[in-house]
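Protein sequence lines correspond, in order, to chains A and B.
Counted from 1, the first sequence has number 286 at position 286 by my numbering; the numbering is strictly sequential.
Whatever position you read off the second sequence (first residue = 1), add 1000 for my numbering.
Just so you know, the hints here were simulated from the structure itself, not pulled from any lab data.
All residues carry an ideal CB built from backbone N, CA and C; glycine is no exception.
Incorrect hints may appear among the rest.
Distance ranges between label pairs, derived from CB positions [as the list claims (entries may be wrong)]:
#: 1; chain 1: A; residue 1: E297; chain 2: B; residue 2: T1021; range: 49 to 55 Å
#: 2; chain 1: B; residue 1: S1075; chain 2: A; residue 2: L15; range: 42 to 48 Å
#: 3; chain 1: B; residue 1: S1075; chain 2: A; residue 2: A361; range: 37 to 43 Å
#: 4; chain 1: A; residue 1: R384; chain 2: B; residue 2: T1021; range: 24 to 30 Å
#: 5; chain 1: A; residue 1: P386; chain 2: B; residue 2: T1073; range: 18 to 24 Å
#: 6; chain 1: B; residue 1: S1075; chain 2: A; residue 2: G274; range: 21 to 27 Å
#: 7; chain 1: A; residue 1: D52; chain 2: B; residue 2: R1117; range: 31 to 37 Å
#: 8; chain 1: A; residue 1: A19; chain 2: B; residue 2: R1135; range: 25 to 31 Å
#: 9; chain 1: B; residue 1: A1068; chain 2: A; residue 2: A19; range: 38 to 44 Å
#: 10; chain 1: A; residue 1: L15; chain 2: B; residue 2: S1145; range: 25 to 31 Å
If you want the footprint, here are the derived chain A segments under chain B, 3+ residues with CB under 8 Å [said to hold, decoys possible]:
#: 11; segment: 4-11
#: 12; segment: 14-23
#: 13; segment: 270-276
#: 14; segment: 304-316
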Amino acid sequence: MRSRLRLGDLFGLGLRGLAARPARALLTAIGIAIGIAAIVSVIGISASGRADLIATLDRLGTNLLRVTPGGGVLGTGSEVPEEARVMAERIGPVQSATQTTQVEASVRRNDLIGELETGGIAVLAARPDLLDELGGGVRTGRFLDNATSRVPAVVLGSVSARRLGITDLDPRPRVFLDGTWFTVIGILDPLELHPDIERSALIGYPVADVLFATTESPSTLYVRASPDFLNDVAEVIPATVNPQSPDAVDVTRPSDALQARRAADEALTNLLIGLGAVALLVAGVAIANIMVMSVLERRTEIGVRRALGATRRHIRVQFLFESVLLSGIGGVAGTLLGAAITVAYAANRDLTLAVPPQGVAFSIGAALVVGALAGLYPAWRAARIPPAEAVRK
Amino acid sequence: MPSVLRLEEVTKVYPGPPEVTALVDIDLAIAPGELLAVMGPSGSGKSTLLNVMGALDRVTRGTVEIDAADIATLSDRELSGLRSHKIGFVFQDFFLIEGLDATANVAEGLVYRGMRRRERRDRAVAALERVGLGRRLTHRPNQLSGGERQRVAIARALVGEPSIVFADEPTGNLDSQTSEEIAHLFTSLNAEGATMVVITHEHDLAARFPRIVELQDGRVVGDRVR
């Protein structure tokens, strides 16, 4: 002769308990929903953003070093040996190296424009393998090759092209480089890690030598090395490329900027998730509050149920379940809302959509745990109400 | 014949301060099939007696046996089991669930039996027919009159076929005409075999029942069988 409550009936009791005060249940669930939506959307948006960042890093590689051996922007440092690149290539783990050299010339749209109005565009001599080494591409036309390096041909960085007002290669546009007309044969895609190339006009070394007496002494070296030995290479490279004044050599890793952005993103994400967790906590306190109130209001119901044969445990489980149900509804609604925010954001920003299922599972789990914790005390109180007292008139 | 309910020297003291002695040395035995009224002015200890008899509260001294089981030896859980199987309650304020129709309200009396929903409903319909509400099965409490609501509450108390039913001032909220009908219902349910204890302060109602136990200041001052 034992009291028994079927699981299905427990479910019914919980739903009915909430349905009896729908507005209150709704308002309480909204609190949970906001916390969960914040967490899910932050996880989703940062995962989507990170997916893009990782794709970019994968494409560009993180094993490229940018070496400026001349010492300073003004190029007033000591003479860098013309063999610097070849010497760098001789370092064991170095896979390849290429270079650019500053050309003493300015580029203008035509000969009527003043010599000083360069638009901030640098003229660089570049080797034909530069673009491949940097992982870049041409938007239109083609890059320099051995043949076009010998003639007055120029490839424009994406920013330079915009500044010169050249959007396509039809009809064959020309630009004016210190007394010589150069034909534009290509325009580059944006190079996010190499803003200096984006803002330059690239010509071949042979033609630079002939027209502007440019030497092979590099102003920037690009060295791609085996990732495992990247730090070692960075350490020995200054003495290798500029034995006279190794201190003047600047070695940077362009992908560091992206990595830093990624780290900053992660820190911000963690902060936002923390805020979401705080919202969840506050919502949990609200649930506990509402449930305590509900227990007080429903003393009679509790008494009647006890009179009908409910054990203390049945009462406890009923209120606990109501609390979990409340937070569960909030959790599911919040997850849907968070996912919707993520989808909208990703679509708006053209990001690859990535809502990590573990994140979603975690937040729904968190909502349920919050609900259970919030329900513990009210449920305990409900179960302790003496039945005789609860049905007293 | 063994008693359904037996009280022996039952004393109930509510711990104070101030300490209140609600029942003093009550001896009472109720046989199966009895219909009795427990009568007394307010403050005489009627409600405490009901709580003690219905295993809703424990006594300070003495013995309470329900179906030969001494409830002092039972755990809270076992007492709940006892209530779900052997005891039915009817309250003055009905205490029906507003959102549920009559059938579901009555079926709620079987929820803690672990019975399947279908069976609960079938039994609830039968119980409602027994109290004369066969045509009000799907009405909600707010669509029913006071007398009909009390009938639903009585059906809920009866639906589990308990050994004994306690009714606490069942006509306290009803007009005299309706009270009359409820009293008649008790008599006819008793004639069908139900054991019932009706707590009341109304002489007219008590006078209709075969046995009247009178309570005053926590003591039994009269126990008459007509």
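Consistency of the hints with the structure:
no.	hint	in the structure
1	A:E297 - B:T1021: 49 to 55 Å	violated (32 Å)
2	B:S1075 - A:L15: 42 to 48 Å	violated (30 Å)
3	B:S1075 - A:A361: 37 to 43 Å	holds (40 Å)
4	A:R384 - B:T1021: 24 to 30 Å	holds (25 Å)
5	A:P386 - B:T1073: 18 to 24 Å	holds (19 Å)
6	B:S1075 - A:G274: 21 to 27 Å	violated (46 Å)
7	A:D52 - B:R1117: 31 to 37 Å	violated (53 Å)
8	A:A19 - B:R1135: 25 to 31 Å	holds (27 Å)
9	B:A1068 - A:A19: 38 to 44 Å	holds (43 Å)
10	A:L15 - B:S1145: 25 to 31 Å	holds (29 Å)
11	4-11	holds (count 5)
12	14-23	holds (count 3)
13	270-276	violated (count 0)
14	304-316	holds (count 11)
Taken one by one, the earlier hints fail for this structure at numbers 1, 2, 6, 7 and 13, listed in ascending order.
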